[in-house]
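Note that the sequence shown covers residues 172 to 458 in this note's numbering.
Hint data in this document are derived by calculation from the structure and do not stem from the laboratory.
The beta-carbon is built from N, C-alpha and C at its ideal position, and this holds for glycine as well.
Be aware that a few hints might be false.
[Claimed, not checked] Taking lysine to any residue and the SDA-like style, the derived pairs with C-alpha atoms no more than 25 Å apart in a straight line are:
1. K308 to F188
2. K437 to E330
3. K430 to F295
4. K353 to F188
[As the list claims (entries may be wrong)] Ranges between beta-carbon positions, derived for each pair:
5. V332 to E304: 27 to 37 Å
6. R429 to D203: 32 to 42 Å
7. E236 to E417: 15 to 25 Å
8. G238 to T391: 26 to 36 Å
9. T187 to E304: 44 to 54 Å
10. K367 to K425: 14 to 24 Å
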Amino acid sequence: MVPDFMLGGVMKSGTTFLHNLLQNHPQVKIIDRNMDHAYFDDDRIFERGKDWYLSLFDGAMTDKEAGKIIGQTSADCNFNPGSVKRIMDHNPDTKLIFILRHPIDRAYSLYWHQYGMGREFRKFEQAIAKEPELIKKSYHHLKHYSYMDRSRYNSQFQEIVKLVPAENLLILDFESLIKNTKPTVNVVLGFLGLNKINNIEELNFSELPRNPAKIPTNHTVVLFSAFLQKIGLVRVGRRIVNLFREQVRPPKMKDDTRKMLEEELKDDILFFDKVKQDFKVATANQQ
């Protein structure tokens with residue numbers, strides 16, 4: 172039964188980077204990423220049924236017959252209620268991989284990503300204050316404006332560990348993936364039962380993802396783009412905001428804001444710190 176493994180996010184934590192590395196491994200086939208393939212995450216897509224979902228893998232079955240393992244990537248598995256249960260009900264042997272980033276840094280990175288896309292026009296503090304109201308509106312709002320909720324790792328993974336056998340669950344941290352890429356990837360490959368690498372270049376590795384945010388330089392343009400996207404002119408809004416984007420590092424978060432978030436996310440920060448320490452031990456023999 173496919174998929175053999177699921178790279179489950181989390182959003183803005185290096186998911187795409189690891190996806191790109193794994194898909195270049197000779198024993199791996201990962202189906203193309205597409206929001207329309209979010210079968211386990213989106214109730215509307217889940218209603219299409221199991222046969223529809225399995226049809227997404229038709230082009231990968233030759234690879235499976237050749238001995239490759241088949242995977243899928245979604246940055247929402249940890250976050251959407253019921254996603255992991257659906258995965259386990261579909262295939263109890265699926266291995267799940269999650270990458271966690273510091274909860275505050277992850278939330279701030281997602282905010283600037285959405286601002287740069289023209290979806291968000293509020294200041295960060297206003298955006299997180301508005302979040303509880305916004306994410307109740309629709310799946311679209313839940314997906315794009317869940318800055319804080321996606322960082323609530325402690326409650327999310329309390330449920331996940333009840334559903335997924337320990338031998339089928341791997342949680343790593345963003346910093347290890349970026350700073351110690353080869354040993355981190357080898358831990359992932361060992362978890363998947365695949366041949367490890369001697370050099371990261373074997374996976375067509377060129378450079379680390381720098382990916383500074385592309386931030387619009389004119390706030391009025393952001394407001395106009397957000398309005399156009401709200402009334403359905405998504406492509407037009409994106410094109411306009413893209414004309415005014417520059418690739419720069421986001422400004423530092425306000426100290427008072429960070430202190431407030433440290434208190435609100437303290438349990439999630441503790442959970443993240445434990446994941447980071449545990450994974451450091453796991454990579455110690457992979458240097």
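To see whether the hints hold, each was checked on the structure:
no.	hint	verdict
1	K308 to F188	violated (31 Å)
2	K437 to E330	holds (18 Å)
3	K430 to F295	holds (14 Å)
4	K353 to F188	holds (13 Å)
5	V332 to E304: 27 to 37 Å	holds (30 Å)
6	R429 to D203: 32 to 42 Å	holds (37 Å)
7	E236 to E417: 15 to 25 Å	violated (48 Å)
8	G238 to T391: 26 to 36 Å	violated (56 Å)
9	T187 to E304: 44 to 54 Å	violated (29 Å)
10	K367 to K425: 14 to 24 Å	violated (43 Å)
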